[in-house]
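Peer 1: Protein sequence lines, in the order shown, are assigned to chains H and F. If you read the first sequence in the numbering used here, its first letter stands for residue 657, the second for the next number, and so on. If you read the second sequence in the numbering used here, its first letter stands for residue 154, the second for the next number, and so on.
Check each hint, because a few of them may be wrong.
Stated by the list, open to error - A few chain F residues that face chain H, going by a derived Cβ cut-off under 7 Å, partial list only:
1. 181
2. 203
3. 205
4. 214
5. 233
6. 234
7. 241
8. 258
Stated by the list, open to error - Label-pair distances were calculated between CB atoms; the ranges are:
9. 731/H x 204/F: 21 to 31 Å
10. 197/F x 830/H: 25 to 35 Å
11. 833/H x 205/F: 26 to 36 Å
Think of the hints as simulated: they come from the structure by calculation, not from any bench. Everything numeric in this text was worked out from a predicted model, so none of it was measured. For every residue, glycine included, the Cβ atom is placed at its ideal position computed from N, Cα and C.
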Amino acid sequence: MNKPLTIHHQDTLELNPDTHLPDLHQDTFSKTTQGFWMYLMTDSLLFATLFCAYAILHTETFDGPSAQDLFSLSTAFTETMILLLSSVTCGFSMMAALRNKKNQVLAWLGVSFLLGASFVAIELTEFTQLVQDGNSWQRSAFLSSFFTLVSTHGMHVSFGLLGMIVMAAQLFLLGVTATTFRRLITFSMFWHFLDLVWIFIFTFVYLMGVV
Amino acid sequence: MTHDLSLKEIQKQWHGTLKSYAIGFLASFLLTVISFALVVTRLFSDRIVMYAIVGLAILQAIVQLLFFLHVGQEEDKPRWATIAFCFTFLILLIIVIGSLWIMHDLNARMMPGM
């Protein structure tokens, strides 16, 4: 905590009933980022349970194709790189927001959006191919758990893209303000979190499926 | 009602720097390429590759947590985000290890060949 902020807090913030000290987490920014972090933590538990289901069911192919027959490593590698780049460009838009450069923020967000959208497009192409070949989620327990895990992640990315459009519109209209900056921060947390989850999907589903 | 922070005050609380993103990106890129190469080239036995890619994934998770999500870098105490993270990590381990253990055990008790 930097000095001027502490003094500022002592004038204005409520005392924490437990310690009788000024409570530093009572402003909208702290509450929003803390709350969003809690959401991400619960979301990681959701993904953990889906990973468990996959780990347990991935051998149950019901005489259908196994991971080794189905997955293309090069596609998964491309997806990983796209999502990683998207994560970094999202970081760059945060850096631009720190310097109050609205147009740069929008430009980097646009790059993140395009990368995220191409990730979803590649994933949907892969899913379409699987379903057309008769390997949908109805084929086996392995494919059910695969589709549940990977499409839950894809769904998160899609909602992130939707959020990005709304946020870009707000930034365009309002510029970089305390409110839009706060939303940028929560969005970047969400986006980095999805990249982190994908690392485990890439490793445990795609790489391990082929080994 | 408490006072809300201004844009400047919020910007001061943000930990990301160009350097942290560059380091995070390069490290993640390298770790991904290494694990991809390990699987594609098949220079080592399957078992070694398996352990190596899990290790690399965990390493990359740590890199991204530190450089992208800034875990454990709060300045205010109590560090709620870090505490929440540690608690979630504990629950996560219980869920994952517990489920795999139980299901593996049940599987082992099933009739062979089923």
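Peer 1: Each hint should be assessed against the structure and marked as holding or not.
Peer 2: Verification of the supplied hints:
Here the hint on residue 181/F is kept, as its CB sits about 5 Å from the closest CB of chain H, short of 7 Å. The beta carbon of residue 203/F is positioned within 7 Å of a beta carbon in chain H (closest approach about 6 Å), and the interface hint is therefore held. Against a cut-off of 7 Å between C-beta atoms, the interface hint on residue 205/F is violated, since the closest Cβ of chain H lies about 10 Å away. Hint status for residue 214/F relative to chain H: holds, with the closest Cβ pair at about 6 Å, below 7 Å.
Because the smallest distance between the Cβ of residue 233/F and any Cβ of chain H comes to about 5 Å, under 7 Å, the interface hint for this residue holds. Taken as an interface hint, residue 234/F checks out: its beta carbon lies about 5 Å from the nearest beta carbon of chain H, inside 7 Å. Here the hint on residue 241/F is kept, as its CB sits about 4 Å from the closest CB of chain H, short of 7 Å. For residue 258/F, the interface hint is violated, since its Cβ never comes within 7 Å of a Cβ in chain H; the closest pair sits about 12 Å apart.
Judged by the Cβ atoms, the range 21 to 31 Å given for residue 731/H and residue 204/F holds: they are separated by roughly 25 Å. Taking 25 to 35 Å as the suggested C-beta distance range, the pair residue 197/F and residue 830/H does not conform, at roughly 54 Å. For the pair residue 833/H and residue 205/F, the supplied restraint of 26 to 36 Å is violated, since their beta-carbon distance comes to about 47 Å.
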